[in-house]
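Here is what each chain is made of, one letter per residue.
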Amino acid sequence: MPIDSRNIIKPFIEEKGGLMPALHALQDHLGFISKDNIKELAIAFNFSQAEVIDVITFYDDFRLAPIGKNIIKICQAEACQSQNCKQLLSDLTSYFGLEMDETSDDLNITLKEVFCLGNCAVGPSVMINDTVIGEATTKKIVSHLKENDVQEL
Amino acid sequence: MKNIIKIFIPNETSANSVGANSLYQDISKLINDENIEIIRNGSWGAFWLEPFIEIKKDGIRRGASYRNIKLSHLNTIEEFFLDFEKRNPFDINEIDFIKKQNRIVFSRIGHEDPLNIKYYKNSKGYQSLLTALEIGPQKTINRIKESGLNGRGGAAFPTGIKMQTVFDQDTSVKYLACNADEGDGGTFSDRLIMESDPFALIEGMTIAAYAVGASKGYIYLRSEYPLAKEFLIRAIDIALDNNYLGNNIQNSNFNFDIELRIGAGSYVCGEETAMMESIEGRRGLVRSKPPLPAINGLFGQPTLINNVVTLATIPALLLNDQSDFSQIGSNKSIGTMPFQLSGNVNHGGLIETRFDISLNEIVKDFGYGTKSGQPIHAIQIGGPLGIYLSSSMLDTSLTIESLQELKGSVGHGGIIVFDNSVDMAEQAKFAMEFCVKESCGKCTPCRIGSVRGVEIIERLQKNKTSKNDATLLHDLCETLEATSLCAMGGMTPNPIHSIIKFFPNELIEK
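First to last, the sequence lines map onto chains D and C. Under the numbering used here, the residue at position 73 of the first sequence is numbered 1430, and the numbers go up by one with no gaps. Under the numbering used here, the residue at position 309 of the second sequence is numbered 1514, and the numbers go up by one with no gaps.
The set of hints was computed from the structure by calculation and includes no laboratory data. No false leads were slipped in.
The calculated BS3-like cross-link candidates involving lysine-lysine, where the alpha carbons are at most 27 Å apart (straight line), are: (1) Lys1497/D <-> Lys1275/C; (2) Lys1642/C <-> Lys1443/D; (3) Lys1672/C <-> Lys1612/C; (4) Lys1503/D <-> Lys1275/C; (5) Lys1497/D <-> Lys1434/C; (6) Lys1392/D <-> Lys1642/C; (7) Lys1275/C <-> Lys1496/D; (8) Lys1715/C <-> Lys1672/C; (9) Lys1469/D <-> Lys1434/C; (10) Lys1373/D <-> Lys1421/C.
Negatives, chain C to chain D, calculated, CB over 10 Å: (11) Arg1267; (12) Ser1270; (13) Lys1350; (14) Arg1492; (15) His1702.
Here are some of the chain C residues that sit facing chain D, going by a computed Cβ distance under 7 Å: (16) Ser1222; (17) Glu1485; (18) Gly1553; (19) Phe1623.
The beta carbon of each residue, even a glycine, is placed where N, CA and C say it ideally should be.
All chains should be built: construct the whole structure from the sequences, respecting the hints.
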């Protein structure tokens, strides 16, 4: 049975400032915020659709189209800069054949920049979905992806 | 009594990021004896040792670093114990990195399971809340004023005065908002509290809310901290179950709830007015001040806003031996500061110490020099809005006052070491690039000026002697400083000024 997005939104309607948690919940369940979702959110929170889009597009985390199953965020903040994170970023872009913010055709991988994961003493750091990898190398990242793929099968 | 052997394997982002979770899985598979117990403790903050596994046996607790070590080949727990002994285990409290610190706010991290409320209570936890409920709001605020605590989020505003302002507002609805949007590159003290001692934050929030008369608190947590989110959700539940949150807390007539709100990847939402906009469900655009949030804040009501470490410090101020904290330091630099050492350094981690420590002590005595073995070239202090100091400035004291003299700030306490491979013109360009990416867009100089700033610095990278571009950059920085509503635009020039001044000829040649 498909998930009814209106049921996802419902618990947040009465909450003060409930739009942000509603957006998170929608995206956690559905992967992105669709045009239909925007209409539903506008009605639920008594905003115009433009106002809802306004909020979605301000924040890096929210997206209007599906992206990769594995979101790889490569830290480019100062502590990781001192640990050659720029080199790591360019290694990863060439390994996956993707640019920043680009998603692979099979919707498996998306590469993104991030500024600080709070893992600064063991950088360079990369976050794959909710897992942070310290002293990151292309090899470590690829083997993490492989291990998790195996677990899913 | 049975002789139980305890194995401590940290469950904390940095430890997990270098393998603690998989070591936990490997070791737990080996255990078939009820006298052996695994505890997922917090991290001690000595991150170069992580994953740091400890064993407590016959009252003695020793640990060893398992960095880059796999244990999947082991067949029995005895084999693990043998392996452990071969690694020359030691008591972490005996190493200089820990011994030389003055841990007051971070006194509990590392010892136990962070969600073990019994341990929390046995180690002075929740005594201060009971004290506050006994002495009442005004006396609680007085104690915080007397302590000399200034906010640890970056602006170093006196915490007690802020609380008094909220307390003095004559309205029935007030809020507390904990700023857990720790976005500065090179900082992790808030994360470490939330993951390794979450009850300290919850107790601090409860005391602060009681003191100012707030019955609802928000924690605005950045989305980059999923493990902290997990710990906070569970700690809030445990506090509710034990009547440390909810209605009639500890049989008083005080009610207080905490709601966790997750950010969505915006640095500027760590600015307090942008954070309020975000909690209210809008774009994180900064608001002009006045009105102060303490008078007209969240949802139009008086709101106390503090960052995680500030709130987690409050319980320490109400203990009988609070003088521990207040008697350290002078002027504005009172108490301890959790410095966070990272970058190109051998021993990175959390260093809670007095403010008037020298940069040299931090980088050499605690940090043990650069990881690459190359000479230090630059040290960034206070995050992306802080300053870069050169290797000839290592005798700088890290007090609020001495960094102010250098036109910098302690900020949130991040210290990042760079060796001589760093290109300071690139670092200057990054300061502007970061502003391009993270500006909320409200003020024109910040939104557009930062783009022009990147362009000017790119031209200077090609021709360091261009007088025209040097003047333009100077004027642009002045405009940003004078006309931005918040610190994002107003302080973005700080790192650039410091590079021009302390690294002559590296960005601009005269």
